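From first to last, the protein sequence lines stand for chains V and D. Sequential numbering from 2 applies to the first sequence in the working numbering. Sequential numbering from 2 applies to the second sequence in the working numbering.
No lab work stands behind these hints, which were simulated from the structure alone. This one's a predicted model, so the numbers in the text were calculated from it and none came from an experiment. Quick reminder that beta carbons are idealized off the backbone N, C-alpha and C, glycines included. Among the hints, erroneous ones may be present.
As the list claims (entries may be wrong) - Cβ-to-Cβ under 7 Å is the rule here; a few derived chain D residues that face chain V:
id, residue
1, Thr25
2, Val28
3, Gly32
4, Gly46
5, Val51
6, Phe182
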Amino acid sequence: MAMNSKPIQSDNARVGWIRLLDRSGYPLLIARFVLGVLFIQMGWSKIDDPVAFLKLLREYEMFPTGAFVFENIIALTLPWIEVVCGVLLIVGLFVRGAGLTLLLMLTAFTIVITIRAIGMYKTGDFKSFCDVAFDCGCGGGLIGMCRKIPENFGLWLLSWIPFLSASRRFCLAGVLGNRPISVGEDACESPNVTAKSKPT
Amino acid sequence: MLPRFLQSQCRAQPLRVGRLGAETFAVVAIGAIVGLVGNQLKESGNRFDVTRDYFKTAKSSGAKEVEIFQYIEHAEMMEVYQSPAYEVGQCIFIDARNDAAYSEKHIPGAYQLDHYFADRYITELLPVCADAERIIVYCNGGKCEDSKLAAMDLIENGVLADKIFIYLGGVVAWSEDGLPFERGERLSGDMTYGDE
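Hey, can you work out the whole structure from these sequences and the hints?
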């Protein structure tokens with residue numbers, strides 16, 4: 002172990018504080034749990050009633066009239082995809098894939114919610130943009146746009162962490178085997194594998 | 002020594018487009034498969050039909066909506082509610098909302114027809130509609146379109162369109178006027194008023 006500590010220190014000295022923070026595994030852990038819990042909660046609230054979610058989806062008027070099968074499939078599967086992403090993030094499997102899925106979903110959701118909110122505001126029925134409120138189909142019922150849009154943006158920023166993080170500390174993926182962080186260091190491999198993999 | 006997944010050296014595989022694409026595809030595929038299989042495992046009456054156009058209206062099927070639907074105002078609705086015709090079933094109300102909303106409160110004596118699971122209700126409703134001279138369909142009020150969709154279900158099942166009226170005010174207008182609602186099943190006798 003003493004032989005292994007030197008390369009880690011020299012490796013750490015070369016990297017910036019963001020990488021050091023990332024390598025601690027804590028930013029990823031926090032992001033995984035915040036996103037995981039929120040997306041499980043948001044998805045689960047819609048799973049039981051795909052019809053209600055379908056009605057909310059329709060209000061965005063994103064799909065042409067004939068595309069009802071596509072719309073139905075989205076209403077049925079999207080909440081499950083949210084739950085699967087949440088579960089995978091919490092257990093720490095397919096972290097990057099789940100992170101990218103959330104990034105793509107949040108980008109799409111935020112754009113369509115903003116477009117709809119601006120459209121509603123332009124009708125002149127609201128004194129200010131912050132008065133615009135509707136059930137966006139996010140799982141929380143009626144919500145004001147001055148809260149929802151920044152909230153989504155915050156989640157969008159948070160989703161970059163599982164997507165970009167190089168750490169797999171506290172992740173099930175780490176148990177299943179990932180590459181070590183520093184040159185010559187096999188800390189993530191099991192001792193047997195390490196012994197075999199070392200050059201003689 | 003700490004288990005290896007708790008060690009800070011535990012690191013992700015290098016970012017590769019192919020691997021990332023495969024992971025993302027797997028995440029989406031798992032969610033989609035679980036959703037589709039879970040839906041198929043539900044009882045047929047509760048199953049969500051992905052091939053059905055749930056919002057097929059008179060307008061989208063090519064007919065002119067104004068020729069099919071007739072509307073009833075709140076004041077006239079009150080007259081009907083207090084009339085002997087309502088007492089004897091010559092005039093009936095149909096609540097087009099889902100089970101939870103209907104059970105929470107509905108206009109006293111109203112039948113239920115949830116358009117999205119119409120098969121559950123239509124067999125029981127058709128004889129009642131055949132006997133009625135006037136059928137008033139309502140939903141939540143405001144922008145809700147479930148009353149029109151339920152009315153379309155009735156027309157498609159042979160109920161004469163000129164007997165059907167849509168009450169656009171719905172539960173909201175009924176509630177705002179402090180009028181009575183019935184809770185639970187039809188004719189349960191459990192009454193409530195307005196927004197109680």
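For a quick check of understanding: which of the numbered hints are violated here, in increasing order?
As far as the earlier hints go, 4 and 6 are violated by this structure, in ascending order.
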